[in-house]
Amino acid sequence: MDVRDVELIINGESARYDGLRTVSDLVAALGLEPKKLAVELNRAIVPKSAYGATPLSNGDTLEIVHFVGGG
Amino acid sequence: MSASLVIAGREFRSRLIIGTGKYKTYEENARAAEAAGAEMVTVAVRRVNLTDRDKPMLVDFLDPKKYVYLPNTAGCFTADDAIRTLRLAREAGGWSLVKLEVLADQKTLYPEMEETLKAAKLLIKDGFEVMVYCSDDPVYARKLEDAGCAAIMPLGSLIGSGLGILNPVNIRLIVEQSKVPVIVDAGVGTASDAAVAMELGCDGVLMNTAIAEAKDPILMASAMKHAVIAGREAYLAGRMAKKRYADPSSPLAGLI
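Residue numbers (the working numbering), protein chains in the order written: chain E, 45 to 115; chain B, 56 to 311.
The hints are simulated quantities; they were obtained by calculation from the structure and are not laboratory data. Keep in mind that the hints are not guaranteed to be accurate.
[Stated by the list, open to error] FRET-style restraints, in silico, Cβ to Cβ:
{"no.": "1", "chain 1": "B", "residue 1": "223", "chain 2": "E", "residue 2": "86", "range": "41 to 51 Å"}
{"no.": "2", "chain 1": "B", "residue 1": "221", "chain 2": "E", "residue 2": "62", "range": "55 to 65 Å"}
{"no.": "3", "chain 1": "E", "residue 1": "66", "chain 2": "B", "residue 2": "194", "range": "42 to 52 Å"}
{"no.": "4", "chain 1": "B", "residue 1": "223", "chain 2": "E", "residue 2": "61", "range": "51 to 61 Å"}
{"no.": "5", "chain 1": "B", "residue 1": "109", "chain 2": "E", "residue 2": "91", "range": "22 to 32 Å"}
[As the list claims (entries may be wrong)] Simulated coverage check for chain E against chain B, where a stretch passes if three residues somewhere in it have a Cβ under 8 Å from a Cβ of chain B:
{"no.": "6", "segment": "68-76"}
{"no.": "7", "segment": "95-103"}
[As the list claims (entries may be wrong)] Simulated crosslink set (EDC-like; lysine to aspartate or glutamate; CA at most 16 Å straight-line):
{"no.": "8", "chain 1": "B", "residue 1": "110", "chain 2": "E", "residue 2": "84"}
{"no.": "9", "chain 1": "B", "residue 1": "120", "chain 2": "B", "residue 2": "169"}
{"no.": "10", "chain 1": "B", "residue 1": "120", "chain 2": "B", "residue 2": "200"}
{"no.": "11", "chain 1": "B", "residue 1": "120", "chain 2": "B", "residue 2": "94"}
{"no.": "12", "chain 1": "B", "residue 1": "110", "chain 2": "B", "residue 2": "82"}
{"no.": "13", "chain 1": "E", "residue 1": "79", "chain 2": "B", "residue 2": "146"}
{"no.": "14", "chain 1": "E", "residue 1": "80", "chain 2": "B", "residue 2": "109"}
{"no.": "15", "chain 1": "E", "residue 1": "79", "chain 2": "B", "residue 2": "66"}
{"no.": "16", "chain 1": "E", "residue 1": "92", "chain 2": "B", "residue 2": "146"}
{"no.": "17", "chain 1": "E", "residue 1": "80", "chain 2": "B", "residue 2": "118"}
{"no.": "18", "chain 1": "B", "residue 1": "180", "chain 2": "B", "residue 2": "200"}
Source: prediction; values computed, not measured. Here a beta-carbon is modelled for each residue, glycine too, at the ideal position from N, C-alpha and C.
Chain E with its partners taken away, still in its complex shape (with noise of 0.2 Å):
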């Protein structure tokens, strides 16, 4: 099990991230819910199920979003 850093671009925002391995990883280090939030890794939605199972690598770019507010 490779633990680093990684450079990610998460909603438009480059940021470092200490010893993230997978997508699971990173929503937890974000303290967010994975229930209510949808994942896409460049361009490709993650499914909720394979959080755990899909490896984040240096440059990967990712889109986290979930509902707001709209008519």
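Fit chain B to the known structure of chain E by using the hints.
Showing chain B alone in chain E's frame:
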């Protein structure tokens, strides 16, 4: 005629769908939804705010178990953007009933019908049940229905304009030709507009600004509930014929 509204096999007692934008707070929004008797609310899909995670969450005020969330594609100007947004929505919410809207320009937010039809076809192929925001053009409405849309949702007038039903003749044409529910989406400004839509035979009305920007949104939500019911009942009752001259309501015989 069915007393309930059936969309893609789901049954709704309320024919009023409300938005969740522009309210002062989600709390006010929740009270408006309650007053409107709404069972379905539209929601938008947006980036999670990673810097301020203490912001109130929609789901904490409008329970997705109580209200059917109808994810929209507001702000999408191409079929690709709309499809991407709704795929994310399906993953976030876990359901496939969605509101498709592909807009043409910021000034009018008028539906881009070529892109809308293209997106609708792709989404339906991908297993979505598509309620589609569209122009009041009966020809495009038919194409959308033929493509398999679950509901046709023509504008009464521009989004957020409150100008009411500007082309009742077209709305009626769409109602007459459609086998799926027709829901006026956008343009309603006050209760009488909602009643007009329902009197034309529409199956429902979707609105946001008319309630959210009323001085008292909760009272307006209640007014809209009554207007939709009144309009529906008037439609089912069948209005009297219009006449050019008076027709006394009291008998002429027996006058003193």
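Against the structure, the hints:
{"no.": "1", "hint": "B:223 - E:86: 41 to 51 Å", "result": "holds, 48 Å"}
{"no.": "2", "hint": "B:221 - E:62: 55 to 65 Å", "result": "holds, 57 Å"}
{"no.": "3", "hint": "E:66 - B:194: 42 to 52 Å", "result": "holds, 50 Å"}
{"no.": "4", "hint": "B:223 - E:61: 51 to 61 Å", "result": "holds, 56 Å"}
{"no.": "5", "hint": "B:109 - E:91: 22 to 32 Å", "result": "holds, 28 Å"}
{"no.": "6", "hint": "68-76", "result": "holds (count 3)"}
{"no.": "7", "hint": "95-103", "result": "violated (count 0)"}
{"no.": "8", "hint": "B:110 - E:84", "result": "violated, 22 Å"}
{"no.": "9", "hint": "B:120 - B:169", "result": "violated, 35 Å"}
{"no.": "10", "hint": "B:120 - B:200", "result": "violated, 29 Å"}
{"no.": "11", "hint": "B:120 - B:94", "result": "holds, 10 Å"}
{"no.": "12", "hint": "B:110 - B:82", "result": "holds, 13 Å"}
{"no.": "13", "hint": "E:79 - B:146", "result": "holds, 10 Å"}
{"no.": "14", "hint": "E:80 - B:109", "result": "holds, 15 Å"}
{"no.": "15", "hint": "E:79 - B:66", "result": "violated, 26 Å"}
{"no.": "16", "hint": "E:92 - B:146", "result": "holds, 8 Å"}
{"no.": "17", "hint": "E:80 - B:118", "result": "holds, 12 Å"}
{"no.": "18", "hint": "B:180 - B:200", "result": "holds, 14 Å"}
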